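Just need the whole structure built from these sequences, with the hints factored in.
Residues per chain are reported as follows:
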Amino acid sequence: MSQYGFYFDKEKCVGCRACEVACQVWNEAVQTVKWRNVTCLTRGTYPEVAGVNASLACMHCAESPCKKACPRTAISKNEETGAVTVDRTRCVGCMLCLWTCPFGAPQMGEMGRMEKCTFCEERPVGVIKRACEEICPQQAIVSGTIEELILRSKQVAAERLSWDARTEVVLGHEEE
Amino acid sequence: MSQQTTREIINGIRGTKTVPGVCMICPWHCPTENFVKDGRIEYVRGNEYAANRTTRCVKGISSIHSSRDKDRLLYPMKRNSAGVHERISWDQALTEIAGRLKKIKDEFGPESLVSLFHLDSNEMFTHQLFGHLYGSPNLSGHGAACDQDRRLAALSTFAHPLPVKDYANSRFVMLWGADPFGPNEALHENRELLEAMKRGCRLIVVDPNRSRTAEKAHIWLPIKPGTDGALALAIAHRIVETQSYDKSFCDEWVHGLAEFSEHVLSNGYTPQWAEGITGIAKETIIAVADEFAATKPALMDGLKGLVNYTTGLDALRTVFALNVITGNIDGPGNLILKEMSPLGFPLEIPEEEATIPEKPPIAYGMGYPLAPDLPTQLLPKAVLEDDPYPVKALFFHVCNPAMSDPNTRLFEKMMAAVELSVTVDIYMSETAQLSEYVLPEASTYERAEVRESMWAGPQTVLAQPAIAPLGESRPYYEIIKGLAEKMGYGAYFAWDSWEDWARTCTAYLPVPYEELKEKGVWEGELRYRKYNTDGVPTSTGKFEVYSTMFEEMGYHPLPVFNEEHRVKPDADYPFQLVNCKMQYHCGTHTQNNPYLMAIVGENYVEINSLDAARLDVREGDLVEVASPHARATIRVRTSEAVQPGVARVPHGHGFGRRFGSIARGRGTHINPLFETRANPVSGGISFNECKVKITKA
Amino acid sequence: MDKFAYFWSLIIVGGTVFLMGAYRNVFLKLCFIRWINRKIREEGGAKVERLENTPIPEPATIVREAVFQKRIRNRSVFLWLRHCLIFFGFTAIFALDCIYTVFGHYFHHYFDYTYFTSGAGRAFLKAGMELSGAVLLVGLTAALVHRVVYAERERTLVNLNLVLLLWVVTLTGFLTEACRLIGEPDDPFVDCSFVAGPLASALRGIDAPWHALATPIWILHATVTVAFFAYLPFSRFVHIIAAPIGRSITQDGNYGRLKRERVTEGLL
Amino acid sequence: MPITNKMKIAYASVVLLIQVYLVYAATLYVTPWSAGFLCVLVAAAASAAGALYYIFVVARDNEIVAYNPQTFLEERRRIG
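Protein chains in written order, with numbering that gives the first Met the number 0: chain F, 0 to 175; chain U, 0 to 696; chain G, 0 to 267; chain Y, 0 to 79.
Everything labelled a hint here was simulated from the structure, so no lab data went into it. Do not rely on the hints blindly, as some may be mistaken.
[To be verified] Heads up, simulated DSS-like pairs for lysine-lysine below, C-alpha to C-alpha not over 27 Å straight-line: (1) G:Lys69 with F:Lys33; (2) F:Lys9 with U:Lys580; (3) U:Lys16 with F:Lys128; (4) G:Lys38 with Y:Lys5; (5) F:Lys128 with U:Lys518; (6) U:Lys197 with F:Lys9; (7) Y:Lys7 with G:Lys38; (8) F:Lys66 with Y:Lys7; (9) F:Lys9 with G:Lys38; (10) U:Lys516 with F:Lys128; (11) G:Lys38 with F:Lys66; (12) F:Lys33 with U:Lys518; (13) U:Lys197 with F:Lys153; (14) F:Lys33 with U:Lys36; (15) G:Lys38 with F:Lys76; (16) U:Lys695 with F:Lys128.
[To be verified] Here are a few chain U residues that sit away from chain F, every Cβ distance over 10 Å (derived from the structure): (17) Leu118; (18) Trp252; (19) Leu369; (20) Glu418; (21) Gln432; (22) Glu524; (23) Thr537; (24) Ala631; (25) Ala640.
Owing to the predicted nature of the structure, the values given are computational and were not obtained by experimental measurement. Every residue, glycine too, gets a C-beta built ideally from N, C-alpha and C.
Given below as structure tokens:
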């Protein structure tokens, strides 16, 4: 059972929302509300302004809180790919899953049931990119097995520390 | 399992067929792939063989809607006496237009036809029909509203109209008023720049507004609007003073370095002087100048932020001069003088058939001999007063000057005064509503195109029709063919399918036609430092920092910083109006798009929170923005990213839109506020020479 | 084992089964959600504390979402009408029933409080229950018809068991009332029961041993009702308990937006 | 451990309390210590036992067993 998931690089994302629309176009038949959402934030006063953009759909967590919080046990985890998906026939749209999801991924669909990113189930995992990853002009979204993604985030950090004089600690690699 | 391309895998999943195409939303023409299944476009993405790989920007991916949009133009229309557009047949439309064109040519000469287009590759047919056969010299793109100054500055410095950027190998990138991460999305360049930055490339952005690119930059210089020229000259002063330019390169390849240095030093363009004007500390200017001179390879480029001011042309000439004197030109990681692929014209027209126009292009008569494109904002005055010579026929193809040019009232008068006005578009745009004939064009999914794309090296895109044209719309080449037959030039347009002229176009490409058709794109080899082999096509055979072309035409050969034409905010009009673009929209075609209108439906005036507090206005309130010329009511958006004293308004919205169920009635048309101001040399529209006052509505 | 003994043992067993279901499908989950939200706040390293774990929902969204059900209205007016009938019918009859049993059957053991048992209140209660019962029955019949006939076209899900169960409950409710009225023709409030009254007079025509049938029908009604309540938390009807909590806290997706902002701010 | 024994005992005691009250309420309708009342008592006892068995044994909250904070940090790290 290999766990797949998304890796999102905030330094590359410019908040253009192409991933949102690509997800809508690819899942047109089953999607009534946007599964992937980009948040663009700016803080501070001119000219000391800091901005960041984050494109978040489901992170397909290993021990997904939404799966445990659902009173109808409608959310299940795919064994091979680790993709967390919702079963529409069981879901009643009570949105307890959204209350517990740390990333705010579940969306309330127009059909009265919860809809969420299905990690592009149709697309063979590990063979081709997900719809949002394929469209992202900056290639800020990367999908793959967790080991690959963590290795990648370490490589990016190492590569950055090699030339960046300021030894800024990169998120999550404190213990290395 | 053979190494299946991702196309085949997706076709396997969805049972679709892949048809290579091209995206027609913005000037970048990214090669694309359309996935078609029984007459419907299921999915679109970038072409995996092209430089942008499978990526596409938000406007591109959402343009799938225009292949199914029921609000598109579906049949030819003619405006009746009551001013209402009625449906007419193709035959009647083409016969009447051809008759009128012949009558106008006999009476006023071929020069009285002006044909404006945005960027469609099928303009080759316009050039051949209206240019070679009909004989009009006034065929022009939308350069005046876009990058006219940049093209002229590049022509005068490198004798190349359109330098592009090789970010992948660059170590230092400085962008003046350009926002590739924001509205002017340049697909593969964005990815290359970000990957280069990950490898340590420095990004410096000069922009009064905290744009998306400024967000990612290492250094952001929040300059006062319109004063980029002073900063560029100050950097040049620093580099020339410390002699940190590339001496060997300059001796061999640069003309006029001595005059340039003497000019910069004697006129006192010191960083201290620039600090007062631009508001950027002189230490920062010196640090940036030294870092630019020291890091190789580096590149500097500027775009919309500069060209919207009358000082823009000289600023860009200085920026390009800085590239040249530090030897950063046409090498890996520099500005690349793009090499075009050997594309021919689609039709063979023998020399003697072509009619040579007697009168010069209208731009000469208007006093802008060096203007690369016709200054469309001065066209209304020229038409109404028959200024250089009478213009009786206007032909618009996929461009909407009624919406995008300043001083809309004058434009409306022109459209009423002119004898024949024809618009070819896929939507009933504002220009179409004002013109007599409206011909529906097939969208990019329903027509073929052979075109050069904007990758640094030679790259040809062969787009093919994926679905049948909607309603009675026709591809542009069919319209031109119909018109040509009615005008008696049918002999040259004797082809039955688009493949015939596509083969003649791509005859000289080294790739076989079948392979190009299957892949959809051909990429030649990106050659660096082409001047070593091919030389520099300027009159002096060198890159010209002292421009002989300008000298001949009586303009100042060296870039200066004069603000005599600048319109500065004053007491009763305290705000500088900046005409900007939105990241999620690009012109008329995205206005009726449900995906984009869901993200941002209407335009807004963006002002700094301090100004909003002073005006006692909150986010979302309606305010009245008034320039000495006109006024408009629009919603406010307070933001920390905008410089106090500046009001940013995205153009391209509103005008009491009537053409689409989603676009109808949304947005505010801001262009009437801008006066008709042109850059004295290039004739480019200086939108931002405009001061406004904002009051609570 | 007379009627009342059976009734009370039924209530005890049904109530406990209901509580067991509520434990597994609601109580456990709410405890977990509260715990995970606190965990996120402590170890998530979110520098931003702005977002509380259980924001106070604004009433406007609740009214729009729960009472007006804008989402179903967007889909189709018929589905919206059907849901409103069932929603208001069920809540009304449930509330009135509680009032009636508490004030009617229970209080008079302690103090002579006859307002609801024989006073003017009885009439209101009676008419109210009849009305809401009728509304509920109409809604449920519409749901049954719709589920069988239109299910594929409307892409809704066909599970008849629940709707059928509630339908039987309502039907037997009217039958019991009708039988009681047959037994007591001179009931002072017969004019208030505008459904059961005519039904009773109609049934009186058919010469079945109505008096003998009264108790079994009453028992059947009681059994089916308690079965419905007991099965509720295990079935799709758990959304009667869970949806008000979940939907009002997550405010039609707004809570998700706040959480995404919190994650993004953590990246600043 | 999200669901402590303390919570389970609290919930179970509430269930038992309700049962006791219902039995007391039944005394108003069913004369105590008559045959019917005995049935009520048996029903109460059975359901109480069933409830306790269910709460402490059947409804294993294994699926909600300790949420491992390390995996949670893992997911956070993937937003680099």
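Violating hint indices (sorted, rising): 12, 16, 25
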